[in-house]
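Working from the sequences, and respecting the hints, build out all of it.
Okay, here's what each chain looks like letter by letter:
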Amino acid sequence: MSRQGIIGLSLVVLLIVCFVVNLSVGNVHVPISHVFGSLIEKIGFKTDLKITDIEYQVVYNIRFPRAVYSCLIGAGLAVSGAALQGIFRNPLVDSALIGISTGASLFASLFILFNGLVPWLIIFNEGLSLSMVAFLGASIVAFIVYRLSLSNGEINSLTLILAGIALNALTAALTGLLTFFATDDELRDLTFWTLGSLGSANNDSVWLLVIFTLIPMTVIFFQAKSLNVLALGESNAQYMGYKVKTIKLLVIICSTCMVGAAVSMAGVIGFIGLVVPHIIRIVAGPNHKSLLPLSAFFGAILLSAADMISRTILPPTEVPIGIITALMGTPVFVAIIFKHKRKFSV
Amino acid sequence: MIEAKNIAFEVKGKQILKPVNFRTDQEEFIVILGPNGAGKSTLVKLLSNGLRPSSGSVSYYGKEGKEWTLDHLAKYRAYMHQESMIASSFTVREVLEMARYRYRETKGLFNQMVIEKIVDELNLHALLDQEFNFLSGGEKQRVQFGRVMLQLEGGGEIQPIKYLFLDEPLNNLDVRYQIELLKHARKFVNDKRGSVIVVMHDINLCYQYADRVLLMQKGKVIMDGTVQEVMSPGLLSETYQIELEQIQSLDGEVFFRHVSYSSNLLDQSI
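Protein chains in written order, with this note's numbering: chain A, 1 to 346; chain B, 1 to 270.
The hints are all genuine.
Sample of chain B residues at the chain A side, in silico, Cβ under 7 angstroms: (1) D71; (2) A74; (3) A87; (4) S88; (5) F90; (6) M98; (7) Y101.
Calculated from the structure, these hints are not laboratory results. Even glycine gets a Cβ: it sits at the ideal position worked out from N, Cα and C.
Structure, rendered in structure tokens:
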């Protein structure tokens with residue numbers, strides 16, 4: 001079995017462990033056997049375990065969607081990070097840099113502050129509407145950044161990153177401005193949003209996240225070879241028969257979908273998209289055929305672990321997950337940079 | 001067969017390449033020669049469909065460039081850039097494999113066989129598992145040369161003439177590898193695997209290896225013909241605006257040198 005295969009298998013096992021542990025730990029401790037029991041009973045089988053209604057509710061209605069959220073969001077952020085780094089041939093790019101995350105936060109903030117004024121916005125329920133609006137914001141800002149980066153109909157990677165930085169600054173300033181008009185309650189919501197939280201996870205909207213993560217992720221997986229060839233440079237890729245423009249556009253759209261969905265459901269969660277692909281590249285090599293799926297697994301594991309920590313470190317309160325990922329991510333990232341200085345010669 | 005009809009190229013009203021016709025329909029080693037800024041790189045990019053001409057058209061085997069899909073044309077012509085830096089830590093083997101991604105129908109065994117063949121031919125064995133970016137400039141150049149050769153390596157059936165475009169491939173190479181690369185390119189032509197169209201600066205190497213020379217100056221092809229026709233000391237001196245003379249060594253080898261170079265030496269020695 002190849003090195004990548006072994007790493008992949010270990011990551012899958014680790015992911016399953018994280019997932020199950022996530023269902024078990026928390027303010028109400030549910031034994032592992034009861035975790036399995038309640039999921040099995042949900043499907044319709046009977047078990048001999050005496051699972052209390054509370055345990056069932058906690059596992060199935062609260063923790064299960066949350067665990068699924070953390071897997072999908074972690075995987076989505078990591079894969080979009082890997083793919084964006086691939087098309088821009090720049091290891092410092094991630095979804096935050098091209099405006100997706102801040103666009104979502106700006107629109108989410110607007111929604112939190114003004115949803116009372118426009119009641120017709122609340123189509124489904126407040127949570128879902130918030131997500132929709134945030135997704136819209138992510139798409140709008142990503143689109144503006146994309147348009148700004150076009151020169152002669154082609155995406156200029158440097159301009160795209162610069163435009164991303166500029167729009168990030170603008171949207172961050174506007175979001176900051178909004179906090180002046182917020183009441184204390186709204187401010188709390190805003191803070192939670194900008195620091196990330198999986199607290200809104202529920203079984204009703206989990207399918208939205210599944211669709212918006214898994215479909216674009218599959219599309220990106222099919223671009224693995226193209227992303228490899230792009231490492232040789234855009235011109236070389238073109239000469240080798242690849243439609244560079246199409247590939248870039250496809251990756252940007254898919255990333256916007258995945259990250260937009262992630263941010264709209266859980267707020268801004270940093271560092272996963274930046275750090276995960278780097279770690280995978282170091283342990284399993286730069287080939288996107290393995291980099292993309294391994295990043296998905298590892299991203300899912302990291303966010304699951306971060307969620308576990310955020311729920312258990314200061315009970316009964318919950319530390320925003322964005323803080324945990326940044327606290328975990330930064331030292332790891334700095335360590336990687338120092339250890340592999342030479343590898344960053346782009 | 002490549003045929004360019006009246007191709008010209010301009011950027012923001014500035015004419016980089018004046019209208020030129022070009023045609024090649026047999027295996028030949030073509031060198032594009034000329035001073036810096038003459039438009040040589042632009043011409044190879046236009047001929048290889050890497051750039052669209054501002055006017056005129058280029059056709060491959062009778063079909064215009066824009067009618068080809070990138071994917072399809074990639075099997076008939078390859079292009080090697082001057083600079084070769086890649087993102088990420090791909091190994092040489094991985095870089096070579098990328099040239100075969102497009103050959104889905106000949107997956108696996110055949111691709112491995114072809115890679116093995118080119119690696120043998122270019123003597124790249126020792127480099128295979130090294131990281132591309134850690135190679136020396138010359139080694140990178142050799143690997144890239146292997147990659148473009150691999151891109152053109154077809155299946156068993158009779159293949160049309162393929163085209164290998166090389167833009168200043170001798171940069172960074174020491175004398176030995178300059179000559180080795182040119183020998184491999186020459187062999188590619190002699191084995192009837194295809195034509196080589198190369199931009200280079202060394203007049204003497206050009207004289208030794210080329211069949212046909214396109215001499216360019218200020219965005220214009222001033223002469224297109226055999227080595228004997230084009231490479232006269234008079235025309236070269238005029239084109240490069242430096243006095244060149246042709247010398248024949250005792251064993252009949254012909255080479256060019258700068259006239260005042262020798263006279264300077266004489267002056268100093270007196």
